[in-house]
Amino acid sequence: MKKMRNKKKLFLEIYRNKHIYLFILVPMALFLTFVLYPICRSFFMSFYDWKIIGSSTFVGFKNYINAFNDPILNISWRNTIIYCLATVPGQMIFAMTAAILLNQKIKGRIFFRTLYFLPVVTSWVVVSFIFMYLFNSQAGLINYILKDILHITKQYYAWLSNGKSALFIIALLGIWKGIGWSMVIFLAGLQGIPEELYEAARIDGASQARLFWKITIPLMRSTLVYVLVMLIIGSFQVFISVYIMTDGGPMHQTEVVLTWLYTNAFSYLRFGYGSAIAVLMTVFIFIISIMQIKLLSKPVEY
Amino acid sequence: MLGFRFFKNAILYVILFFGVTIAVIPFLYMFSTSLKDQIYVFEIPPKFIPEAPTIQNYVAAWGASNFKLYFSNSLIVAVSTVILVVLFSSMLAYVFARYRFPGNSILFYSLLITLMIPSIVYLIPEFILIKKLHLLDSLIGLILIYTSSQLPMFTFLLKGFFAEIPRELEDAAKIDGCNMVRIYWQIMLPLARPALATVCIFSFLFSWDEFVVALTMINDVNKRTLPVALMMFQGQYFTKWGLVFAASIIAILPMIAIFIIFQRHFVKGIATSGLKG
Numbered sequence: 001m002k003k004m005r006n007k008k009k010l011f012l013e014i015y016r017n018k019h020i021y022l023f024i025l026v027p028m029a030l031f032l033t034f035v036l037y038p039i040c041r042s043f044f045m046s047f048y049d050w051k052i053i054g055s056s057t058f059v060g061f062k063n064y065i066n067a068f069n070d071p072i073l074n075i076s077w078r079n080t081i082i083y084c085l086a087t088v089p090g091q092m093i094f095a096m097t098a099a100i101l102l103n104q105k106i107k108g109r110i111f112f113r114t115l116y117f118l119p120v121v122t123s124w125v126v127v128s129f130i131f132m133y134l135f136n137s138q139a140g141l142i143n144y145i146l147k148d149i150l151h152i153t154k155q156y157y158a159w160l161s162n163g164k165s166a167l168f169i170i171a172l173l174g175i176w177k178g179i180g181w182s183m184v185i186f187l188a189g190l191q192g193i194p195e196e197l198y199e200a201a202r203i204d205g206a207s208q209a210r211l212f213w214k215i216t217i218p219l220m221r222s223t224l225v226y227v228l229v230m231l232i233i234g235s236f237q238v239f240i241s242v243y244i245m246t247d248g249g250p251m252h253q254t255e256v257v258l259t260w261l262y263t264n265a266f267s268y269l270r271f272g273y274g275s276a277i278a279v280l281m282t283v284f285i286f287i288i289s290i291m292q293i294k295l296l297s298k299p300v301e302y
Numbered sequence: 001m002l003g004f005r006f007f008k009n010a011i012l013y014v015i016l017f018f019g020v021t022i023a024v025i026p027f028l029y030m031f032s033t034s035l036k037d038q039i040y041v042f043e044i045p046p047k048f049i050p051e052a053p054t055i056q057n058y059v060a061a062w063g064a065s066n067f068k069l070y071f072s073n074s075l076i077v078a079v080s081t082v083i084l085v086v087l088f089s090s091m092l093a094y095v096f097a098r099y100r101f102p103g104n105s106i107l108f109y110s111l112l113i114t115l116m117i118p119s120i121v122y123l124i125p126e127f128i129l130i131k132k133l134h135l136l137d138s139l140i141g142l143i144l145i146y147t148s149s150q151l152p153m154f155t156f157l158l159k160g161f162f163a164e165i166p167r168e169l170e171d172a173a174k175i176d177g178c179n180m181v182r183i184y185w186q187i188m189l190p191l192a193r194p195a196l197a198t199v200c201i202f203s204f205l206f207s208w209d210e211f212v213v214a215l216t217m218i219n220d221v222n223k224r225t226l227p228v229a230l231m232m233f234q235g236q237y238f239t240k241w242g243l244v245f246a247a248s249i250i251a252i253l254p255m256i257a258i259f260i261i262f263q264r265h266f267v268k269g270i271a272t273s274g275l276k277g
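As you go down the protein sequences, you meet chains A and B in turn. Note that the first sequence ends on residue 302 in the working numbering; no numbers are left out. Note that the second sequence ends on residue 277 in the working numbering; no numbers are left out.
Excised from the complex, chain A in its bound form (with noise of 0.2 Å):
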């Protein structure tokens, strides 16, 4: 009876907010048609050998066994892996050296963050293009400058036909495009930090390195880890500098975790198989960002 009642009453709420459904009907629609659908059906195909024609068979768990199974995967994790290893400190350390330079007073201020934030706002492609002209073999500005100028090497180098030294320019493309973004946040960050703090503790005949880790970077916690989960993040995702510089190659040794799904499914048409590594990606990415919500909810201590 009283079930009855409140599922009048859940009636009777839903049709005194029809005009509110209304509303946002249409964005509603779109965002579950677009957004929700596909993420639920990608988990519900990683089950699957997924046939674009003909009938599609149930496998179980076959394509996540087939996924730690496979040697080319577990090549892009590992480069994955050292991507975020490189490219997260990377910009981190550069990131706060130039926000704590133009935290200074200084003139030109806005004129040095609008250019070091330039490579943020560029496109992936383009900046990528750039990087391949810069370390191209033939003439490329850094091998010029390594042999003729420096002479650190003896020859051109072909710095992308080589897994190593390919991944390690992805690496730093990765870092110089970067290292705007987390400047700009960890600049906000700093002028939250009251001035009176420094002084007191400078009356107290504290040394800048002190100021530094005592005061800034207890006082910038949240901010710094939300930048690293943020770039952890981003960093995992690391797709159109391989794509376009590399492709993967050669012999797969520059493959990342998004390459290798982007060649499973739409080059070798394997839907299931590559919805089974989205499906681990987006495990992965959920466990980051559960961590960072336990480590900010922890009080600060002093």
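Just so you know, the hints here were simulated from the structure itself, not pulled from any lab data. Check the hints yourself; a few may be wrong.
Unchecked claim - Cut-off 27 Å, straight-line C-alpha distance, at most; resulting in silico cross-link-like pairs (BS3-like, lysine-lysine): (1) A:K51 / B:K132; (2) A:K105 / B:K268; (3) A:K51 / B:K268; (4) A:K105 / A:K214.
Fit chain B to the supplied structure of chain A, relying on the hints for placement.
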């Protein structure tokens, strides 16, 4: 003391200018190459200032088959997406900021949770869906995907903004008999103008710059947008760097212009809501 101050500032500027060099030289080098004739592109030693600068690459790139078409495709997609995103995300944000109704939290949390999921993850089912809807090779398909995938992020941003607008104006309007749609259109939207500007700028850049979805959904040469067209262009003329860079510069010019004009919004958008550039 003054001497020390001066010395400290001098070091500061040296480091800052060194940073500028690193950030900007690749762009200058691209620009300089775009002004070079093909015979100078692989010249040794590489010259920073072209010997015989020419705008011939720009003329060739702009005149190259379909380049104008790609430019206008990108413009159509980006402008349509911006309009739809601004309209729809502000509608959702207004409702989630002001109204409680059955299902309200479940809808909002479903929006929120998708913020954590990278869009390439659901690219495969998206492709199948778009294929079923016969929207492959169609700019409308791109516009629908871009709009939908940008909705969660901007709804979240605007909801925060709407929640901070005091309710008095709306209450007064309600007493005067204004309905929900009029309050949204005549009170909330004008008040949210600065936040809407941020949405416009970022939405435009995201749509102008989008690569992966466009690569997947568009096969028809005439329906390409600039990022994919540039990649194909480079594949076709891969040693003609002067030409490739001239095309690249034309393609990124709108982004750079928007960034320089709307700097303030940019920095605010990133600093307060972590929008990724």
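These are the hints, each one checked on the structure:
1. A:K51 / B:K132: Status holds; Cα separation ~14 Å.
2. A:K105 / B:K268: holds, 20 Å
3. A:K51 / B:K268: Not satisfied, since the Cα-Cα distance of roughly 46 Å exceeds 27 Å.
4. A:K105 / A:K214: holds, 22 Å
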